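Peer 1: If you want the building blocks of each chain, they are given just below.
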Amino acid sequence: MKLLFLLSIFFLLSCSVQNNTTFETTSVRGKQLTFARNKGNCLACHVIEDGEFPGNIGPPLKEIRKQFNSKQQLRQQIWDATLFNPDTSMPPFGKNKILTEQEIDEIVDYIWHL
Amino acid sequence: MNVWHFSLLMAVFSFIASASPQQDQALFKQHYEKLFPQLSLNDYADGIYALDEIARGSWQTIEEFPPYELAIEQGETLFNTPFKNDKHYSDCLPNKGLAISHLYPLWDRTQNKVITLALAINQCRKKNNEAPLPYQKGEIAQLLAHIAFTSRGKLIDIKIPESAPLALAAYEQGKQYYYQRRGQLNFSCSSCHVQNAGKKIRADLLSPSLGHTSNWPTYRLKWGEIGTLHHRIIGCHKQIRAEIPTAQSDALRHLEYFLSFMSNGIPFNGPSTRK
Numbered sequence: 000m001k002l003l004f005l006l007s008i009f010f011l012l013s014c015s016v017q018n019n020t021t022f023e024t025t026s027v028r029g030k031q032l033t034f035a036r037n038k039g040n041c042l043a044c045h046v047i048e049d050g051e052f053p054g055n056i057g058p059p060l061k062e063i064r065k066q067f068n069s070k071q072q073l074r075q076q077i078w079d080a081t082l083f084n085p086d087t088s089m090p091p092f093g094k095n096k097i098l099t100e101q102e103i104d105e106i107v108d109y110i111w112h113l
Numbered sequence: 000m001n002v003w004h005f006s007l008l009m010a011v012f013s014f015i016a017s018a019s020p021q022q023d024q025a026l027f028k029q030h031y032e033k034l035f036p037q038l039s040l041n042d043y044a045d046g047i048y049a050l051d052e053i054a055r056g057s058w059q060t061i062e063e064f065p066p067y068e069l070a071i072e073q074g075e076t077l078f079n080t081p082f083k084n085d086k087h088y089s090d091c092l093p094n095k096g097l098a099i100s101h102l103y104p105l106w107d108r109t110q111n112k113v114i115t116l117a118l119a120i121n122q123c124r125k126k127n128n129e130a131p132l133p134y135q136k137g138e139i140a141q142l143l144a145h146i147a148f149t150s151r152g153k154l155i156d157i158k159i160p161e162s163a164p165l166a167l168a169a170y171e172q173g174k175q176y177y178y179q180r181r182g183q184l185n186f187s188c189s190s191c192h193v194q195n196a197g198k199k200i201r202a203d204l205l206s207p208s209l210g211h212t213s214n215w216p217t218y219r220l221k222w223g224e225i226g227t228l229h230h231r232i233i234g235c236h237k238q239i240r241a242e243i244p245t246a247q248s249d250a251l252r253h254l255e256y257f258l259s260f261m262s263n264g265i266p267f268n269g270p271s272t273r274k
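Sequence lines, in order, name chains R and B.
Just so we're aligned: 90 in numbering that gives the first Met the number 0 is position 91 of the first sequence, and the numbers increase by one with no gaps anywhere.
Just so we're aligned: 56 in numbering that gives the first Met the number 0 is position 57 of the second sequence, and the numbers increase by one with no gaps anywhere.
Just so you know, the hints here were simulated from the structure itself, not pulled from any lab data.
Accuracy of the hints is not assured; some may be wrong.
30 Å max Cα-Cα, derived BS3-like pairs, lysine-lysine [unchecked claim]: (1) R:Lys70 with B:Lys83; (2) B:Lys199 with R:Lys94; (3) R:Lys96 with B:Lys199; (4) B:Lys153 with R:Lys38; (5) R:Lys38 with B:Lys237; (6) R:Lys96 with B:Lys237; (7) R:Lys70 with B:Lys198; (8) B:Lys158 with B:Lys199; (9) B:Lys199 with B:Lys112; (10) B:Lys198 with R:Lys96; (11) B:Lys198 with R:Lys61; (12) R:Lys94 with B:Lys198; (13) R:Lys38 with B:Lys221; (14) R:Lys61 with B:Lys199; (15) R:Lys38 with B:Lys199; (16) R:Lys65 with B:Lys95; (17) B:Lys221 with R:Lys65; (18) B:Lys237 with R:Lys94.
Computed far set for chain B versus chain R, every beta-carbon distance over 12 Å [to be verified]: (19) Asp23; (20) Arg108; (21) Ala130; (22) Lys198; (23) Asp203; (24) Trp222; (25) His236; (26) Ser248.
To spell it out: a stretch of chain R is covered by chain B in this simulated footprint if at least three of its residues, at any positions, have a beta carbon under 8 Å from a beta carbon of chain B; those stretches are [unchecked claim]: (27) 49-63; (28) 66-73; (29) 83-92.
Being a predicted model, the structure only gives us computed values, none of them experimental.
Yeah, the Cβ is synthetic: ideal placement off N, Cα and C, and Gly gets one too.
Construct the entire structure; sequences and hints are all you get.
Peer 2: Here you go:
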């Protein structure tokens, strides 16, 4: 029993370590996808942390959790910004398949923590 | 009556209730006046360099030894070289082909068609049994450079004759094209050049469309040569991953008709230089 307990603690610990590394790698990938000109190219329009030569068509992306109630809502903004503003100049990254669903998830993971 | 005449007629009926070109033009100019109160109408001929002080400085330095000078000379030579039948461009273009750039595109009543200067040049060649020139760069751009140089300072003066409903329909088609979203990135011309004029997309400042037709043909440093307005507009289509239209197609000539009409009263100052 004691052994089982120890084992499960060990298991839980390894899980959280595992989770951390997963988060680290996704957010690095997410950042790359966000910055890359042939992917999100979000810097074309948004100031984002240390991104170089940002445009200023959209608002700076920071304190995202103050603007969005949920990750799902943020995802919608990226999937098709016209849902919130029909006149937006932000491209519909999901709807028009500019990015894959998985790429959008990774970008959301990164942006959510800004 | 061919297909596009028919579609033009349909367009006439559907647009009859919409704003007149004069009203469009007034609103278009007002939009930019509000955005850029510091600019006079003449300033719009300079494109983005009317808005970007620093870039304007290096542009003016380049303009001291303009990279399009050779194209003007080549164009003049081409212009004065007789066709095989001994006729000249000056025999078929109005005013012997000089100081006319600011009047194009124009509505041709006999052809019932929007005629751009590039198209007029090729129609002149055809009439004299010469092969047409490709429309984006090379000899056509050189010829246009020579004619543009003789037209400098003349005010853009585009007419949509009221007695020709098809002319109005062509204009309306051009206008619709301008405001229509397209491409994978879902932009219209106006998304960038009206809605976001003066803002930065990455490191590029977006120019107003007012004056967009004044500086052609243009030597672009990116191209390393002189090219035509339609060449540039096709470039904007590539940026937004849209279907690429053909230079001098109905769609692009009508778009040019609309854009040029918006710019009436601005001095023509082609050829020019751009990044």
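Peer 1: Each hint should be assessed against the structure and marked as holding or not.
Peer 2: Here is what the structure says about each hint:
| no. | hint | result |
| --- | --- | --- |
| 1 | R:Lys70 with B:Lys83 | violated (71 Å) |
| 2 | B:Lys199 with R:Lys94 | holds (25 Å) |
| 3 | R:Lys96 with B:Lys199 | holds (25 Å) |
| 4 | B:Lys153 with R:Lys38 | violated (45 Å) |
| 5 | R:Lys38 with B:Lys237 | holds (16 Å) |
| 6 | R:Lys96 with B:Lys237 | holds (17 Å) |
| 7 | R:Lys70 with B:Lys198 | holds (29 Å) |
| 8 | B:Lys158 with B:Lys199 | violated (34 Å) |
| 9 | B:Lys199 with B:Lys112 | violated (37 Å) |
| 10 | B:Lys198 with R:Lys96 | holds (26 Å) |
| 11 | B:Lys198 with R:Lys61 | holds (20 Å) |
| 12 | R:Lys94 with B:Lys198 | holds (26 Å) |
| 13 | R:Lys38 with B:Lys221 | holds (23 Å) |
| 14 | R:Lys61 with B:Lys199 | holds (19 Å) |
| 15 | R:Lys38 with B:Lys199 | holds (19 Å) |
| 16 | R:Lys65 with B:Lys95 | violated (66 Å) |
| 17 | B:Lys221 with R:Lys65 | violated (42 Å) |
| 18 | B:Lys237 with R:Lys94 | holds (19 Å) |
| 19 | Asp23 | holds (19 Å) |
| 20 | Arg108 | holds (39 Å) |
| 21 | Ala130 | holds (39 Å) |
| 22 | Lys198 | violated (5 Å) |
| 23 | Asp203 | violated (8 Å) |
| 24 | Trp222 | holds (20 Å) |
| 25 | His236 | holds (15 Å) |
| 26 | Ser248 | holds (24 Å) |
| 27 | 49-63 | holds (count 5) |
| 28 | 66-73 | violated (count 0) |
| 29 | 83-92 | holds (count 4) |
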